[in-house]
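For what it's worth, this note's numbering labels the leading residue of the sequence shown as 1, then goes sequentially.
Ranges between beta-carbon positions, derived for each pair:
#, residue 1, residue 2, range
1, K242, K17, 18 to 28 Å
2, D156, I180, 33 to 43 Å
3, K242, T64, 48 to 58 Å
4, Q207, K242, 49 to 59 Å
5, S176, A247, 40 to 50 Å
6, N82, Q54, 41 to 51 Å
7, Q207, T55, 26 to 36 Å
8, A247, G53, 24 to 34 Å
9, S176, I245, 42 to 52 Å
10, I113, S176, 48 to 58 Å
11, R224, T64, 29 to 39 Å
Calculated lysine-lysine pairs in the BS3-like style (CA-CA distance at most 30 Å, straight line):
#, residue 1, residue 2
12, K151, K99
13, K261, K58
14, K17, K254
15, K117, K151
16, K241, K17
17, K151, K85
18, K85, K165
If you are wondering where the hints come from, they were derived from the structure by calculation, not from laboratory data.
Each residue gets a CB set at the ideal place from its N, CA and C atoms; glycine is no exception.
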Amino acid sequence: EITEKEWLVSSEQIQFKSASPQITLLGHVESPFDSMLSAAISADVLSVPVRDGQTVSKGQVLITLDAREINLTVAQRQADVNELKAQITSENNRFETDKASLNEEQRLLDIAIQGVKRQAKLKASKLVAQERYDNAESQRAQQALSLNARKLNIADHPSRLNQLKARLTRAETSLSDAIIDAERAQVIAPFDGVITSVDIAPGERVQIGQSLLSLYDRENMEIRAQVPNRYVSLINSALAKKAFIQAITTSYGKTSQLQLKR
Numbered sequence: 001e002i003t004e005k006e007w008l009v010s011s012e013q014i015q016f017k018s019a020s021p022q023i024t025l026l027g028h029v030e031s032p033f034d035s036m037l038s039a040a041i042s043a044d045v046l047s048v049p050v051r052d053g054q055t056v057s058k059g060q061v062l063i064t065l066d067a068r069e070i071n072l073t074v075a076q077r078q079a080d081v082n083e084l085k086a087q088i089t090s091e092n093n094r095f096e097t098d099k100a101s102l103n104e105e106q107r108l109l110d111i112a113i114q115g116v117k118r119q120a121k122l123k124a125s126k127l128v129a130q131e132r133y134d135n136a137e138s139q140r141a142q143q144a145l146s147l148n149a150r151k152l153n154i155a156d157h158p159s160r161l162n163q164l165k166a167r168l169t170r171a172e173t174s175l176s177d178a179i180i181d182a183e184r185a186q187v188i189a190p191f192d193g194v195i196t197s198v199d200i201a202p203g204e205r206v207q208i209g210q211s212l213l214s215l216y217d218r219e220n221m222e223i224r225a226q227v228p229n230r231y232v233s234l235i236n237s238a239l240a241k242k243a244f245i246q247a248i249t250t251s252y253g254k255t256s257q258l259q260l261k262r
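Modelling step: build the complete structure from the supplied sequences, incorporating the hints.
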């Protein structure tokens, strides 16, 4: 009996879904916040309580420098500020005294002028010698000079006061700088991170700008991978359409979902 030829086939249920092309990339983990902390003052290193690979918290003391030298500078700057404040007080007191004495200086000058007039009348009558007239004129001239000097002091008061205030501002700025430097005697962690290197040890003398240690921010980690050129146009096209380009990575048995940022 002739039978129809049979073919062995297999079947599979087809389901529709959205699919995206995938590529496998090699990348490395890094932090955009990788900081190198340096010395703000010249000082001796007292202690270094952290080590490479150690996890630290924001605000934790990483290095302690000897602050005695900078504290002396702070004291000197504070003394400069106090001295200038005292000079400003003295200048204001002097100004008030000059104003109070101006009327008296003018009255003494008027008296001296009247004395010269009297001596001139007596001289004209030949009742006094020339010497007494000259003495009266000399006293008048001296009193006039004294009055002019008093007026000059009063007129120059705003200028002297502004000069003292300018010097005080500079001194206060220097004091603020010294206080900030004194606070930097303790090197503080700027963020939660991991120490990658420690470049100094207790007893060393560090200079301004010298590197002390480095750390990275473990809360802002990213994976950087090189995309092959043949896929760049596809990625740019997807980004233009505001598509989310995602990736999956597995590390130490843990799978993480990632998203392209830039």
